[in-house]
Amino acid sequence: MIGLRTKAAVAVLAATLGAGAAAWAADGEAAHIERQHWTFSGMLGHFNAAQLQRGFRVYTEICSRCHSVKRLSFRNLVQPGGPAFPEAGVRSLAADNYKVDAEPNDQGKVLKRPAVLADHIPGPYRNDQEARASQPGGALPPDLSLITKARSIESHAPFYMVPLSMLRDILSGYQEGGADYVYAYLTGFKEPSKDVKVPDGMNYNEVFPAPHFTAMPNPFAGGNDAVKYDDGTPQTVDNYARDVTAFLAWSGDPALAERKRLGLLVVVYLLITAILLYFAKRRVWSKMH
Amino acid sequence: MASHESTFRPASRAGKWLDERLPLPRLMHGQFVDFPTPRNINYLWTTGGLLTFFLGVQIATGIVLAMHYIPSAGDAFSSVEAIRRDVNYGWLLRNIHMVGASFFFLAAYIHIGRGLYYGSYKAPREVLWILGVVLFLLMMATAFMGYSLPWGQMSFWAVTVITNLFSSVDAVVPGLGTRIVQWLWGGFSVSGTTLTRFYALHYLLPFAIAGVVGLHIWALHVVGQNNPTGLDIKQPSDSVPMAPYAIMKDIFALSVFVLLFAWFVFYLPDYLGHSDNYIEANPLSTPPHIVPEWYFLPYYAILRAIPDKLLGVIAMFSSILLLVFIPWLDTSRVRSAKYRPIYKWFFWFFIISVVALGYLGSKPPEPPYVGWARFFTAYYFLHLLVILPIVGVIEKSRPLPRSITEAVLGKEPAAQGASAGGGK
Chain W
0 MIGLRTKAAV
10 AVLAATLGAG
20 AAAWAADGEA
30 AHIERQHWTF
40 SGMLGHFNAA
50 QLQRGFRVYT
60 EICSRCHSVK
70 RLSFRNLVQP
80 GGPAFPEAGV
90 RSLAADNYKV
100 DAEPNDQGKV
110 LKRPAVLADH
120 IPGPYRNDQE
130 ARASQPGGAL
140 PPDLSLITKA
150 RSIESHAPFY
160 MVPLSMLRDI
170 LSGYQEGGAD
180 YVYAYLTGFK
190 EPSKDVKVPD
200 GMNYNEVFPA
210 PHFTAMPNPF
220 AGGNDAVKYD
230 DGTPQTVDNY
240 ARDVTAFLAW
250 SGDPALAERK
260 RLGLLVVVYL
270 LITAILLYFA
280 KRRVWSKMH
Chain R
0 MASHESTFRP
10 ASRAGKWLDE
20 RLPLPRLMHG
30 QFVDFPTPRN
40 INYLWTTGGL
50 LTFFLGVQIA
60 TGIVLAMHYI
70 PSAGDAFSSV
80 EAIRRDVNYG
90 WLLRNIHMVG
100 ASFFFLAAYI
110 HIGRGLYYGS
120 YKAPREVLWI
130 LGVVLFLLMM
140 ATAFMGYSLP
150 WGQMSFWAVT
160 VITNLFSSVD
170 AVVPGLGTRI
180 VQWLWGGFSV
190 SGTTLTRFYA
200 LHYLLPFAIA
210 GVVGLHIWAL
220 HVVGQNNPTG
230 LDIKQPSDSV
240 PMAPYAIMKD
250 IFALSVFVLL
260 FAWFVFYLPD
270 YLGHSDNYIE
280 ANPLSTPPHI
290 VPEWYFLPYY
300 AILRAIPDKL
310 LGVIAMFSSI
320 LLLVFIPWLD
330 TSRVRSAKYR
340 PIYKWFFWFF
350 IISVVALGYL
360 GSKPPEPPYV
370 GWARFFTAYY
380 FLHLLVILPI
390 VGVIEKSRPL
400 PRSITEAVLG
410 KEPAAQGASA
420 GGGK
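Chains W and R, in that order, are what the protein sequence lines are.
Numbering-wise (numbering that gives the first Met the number 0), the first sequence opens with residue 0 and increments by one.
Numbering-wise (numbering that gives the first Met the number 0), the second sequence opens with residue 0 and increments by one.
Each hint should be verified, as a subset may be incorrect.
Unchecked claim - If you anchor each label on the Cβ, the simulated ranges turn out as follows:
#, chain 1, residue 1, chain 2, residue 2, range
1, R, 59, W, 160, 30 to 40 Å
2, W, 160, R, 10, 28 to 38 Å
3, R, 285, W, 229, 40 to 50 Å
4, W, 277, R, 374, 22 to 32 Å
5, W, 86, R, 27, 50 to 60 Å
6, R, 287, W, 128, 17 to 27 Å
7, R, 24, W, 86, 36 to 46 Å
Treat the hints as calculated values from the structure; they're not laboratory data.
Remember, predicted model here, so these are calculated numbers, not experimental data.
Positions of the beta carbon are idealized from the N, C-alpha and C atoms, including for glycine.
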């Protein structure tokens, strides 16, 4: 009898919680975004140099037509923990493909010079006004240096689940919401349902906040084989999105690998210290109890 | 200072020489080595040490960050990025300072909650408590101005929203509120001028905090520490010398708290922040939801719970200023809630209300959140203004132990201080 009552109570509770969760999910604005597996997540996270190199290729061949990564310098592309391109290659990339303003000459004229490792990577436009003017809808293509830091996934957890989901994210060190969003966005260009009228100059993206219209067209509209990979990785839209997201995650946080490596040392050191201090404290207080 | 016999004996001739001229080591020894601390204080009493530690950490990292930061509307955001990317261990300094602010508040909230539960504001600790409220207000001002410095979208719009609150004074004296806001901004909108003055104050206020911390500790050492029983120290066996007992406990607690802190600094640096703050401030684009840092959310919820702007502002400020009057609002003659069967329940509901307000403050001001925010706001004020005075009068407290020693050992000491070996 008690068993039956308990079961009934559990069933009622589960139904209530379930209904609550459904109601809360419905009033969220953005679509549900899946968490992806990234090499740079968790305590031992680090970037995969080969993936960042592929991602840089996707960026330069597709994204860089409209978007800059102005907070990166060419030298960053050489640094360990990042794409770690060979220095000579980056030097010639900078010198051959990019021109930057030189210091004014003795006549006061500003001439152009080839870029060097110390220069920031120049974007496609001279300023925001030129960027807007070059877009069909006049929208500003944002700089992508910090894009994975500047985006996140909205939590749709009902209030009674918030402590639990917070605990899960804290224990797992979850900081990849921005990368998850960018990946979902890049692969989120889908055909809208029949009754959705997409305005001119806009595009439908299922993860973009409602009404899901974004100025950016599908960057991978060319489908698979749009970018050539030479390391044997399959040339798929999914890989392009994944690799360029990893590259952008690195460009937003170039010190990530060093941070996590040092963090491990610090946490282990503090853990051992805390244990030793615990026993020292017990010893000191043992006379008192 | 609380009187106790000094055990300070200068070891060297130089020490003796100084002791006869400036007995600073004797003062320190008296206050931090053989100062009598109640033998029964629990780990909640380690939060004061944590707070002092975090003040030091914030000042130390802040001074180095100030060497690299540029307080101008055009360069602030980029200079923070340069710190993260190009300054040696700049990312670490910045993470420590940014996460440190949150942990400073976490420790402060535990510290305040402990004071409320154990009645640490009651006579003779009223001045000590009021100094604590002053510290809390100074911390809030410092943190608010510090949050403006990265000059991201949330920085900019938080400053806009909060400074604009003063324009509600227009409802009382037309024009005055607007003038105050323009005076704060240094112009007709939030701009680089506002940023520069906030930066100057953000550098100044921590030293004011350090000064008031000095007074807070002074007041504490005059009246002595409260403890879970709320009883005074009456006999030598009730107390232990601060070193090594309390100090050892403080250091252990610090190591655990710093472990948690390090976890956030290295693995979750952005967890407590808002992703919009990685977008450079743009006066022409308002974020869909403007939210303050987590430690301001309860007050933000109170502000938005009230439909009238001026009344909302008054409610928000008075929710903090009311704390000053708690020593007189609480009419109970018993300090610790441990012996207050009715108050205990109200206390925990008060804590739940503040946490709930924090959650509601992070949500958009629409149903059902606003309704709940009103409910918990009502309880917040009801608790302080009505429940606290009435419960103190009608409540019958549980029997108190005769002394701290009895609370710990279950019996009074047979001979004076024999079992403890502590005291003076």
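A quick look at each hint next to the structure:
Distance hint check for residue 59 of chain R and residue 160 of chain W: the Cβ-Cβ separation is about 39 Å, which falls inside the suggested range of 30 to 40 Å. Distance hint check: the CB atoms of residue 160 of chain W and residue 10 of chain R are about 60 Å apart, inconsistent with the given range 28 to 38 Å. One distance hint, 40 to 50 Å for the beta-carbon pair residue 285 of chain R and residue 229 of chain W, holds here, with the actual separation near 45 Å. Evaluation of the 22 to 32 Å hint for residue 277 of chain W and residue 374 of chain R yields a failure: the beta carbon distance comes to about 42 Å.
The hint said 50 to 60 Å for the Cβ distance between residue 86 of chain W and residue 27 of chain R, and at roughly 55 Å that hint holds. Distance hint check for residue 287 of chain R and residue 128 of chain W: the Cβ-Cβ separation is about 25 Å, which falls inside the suggested range of 17 to 27 Å. Checked against the given bound of 36 to 46 Å, the beta carbons of residue 24 of chain R and residue 86 of chain W, roughly 57 Å apart, lie outside it.
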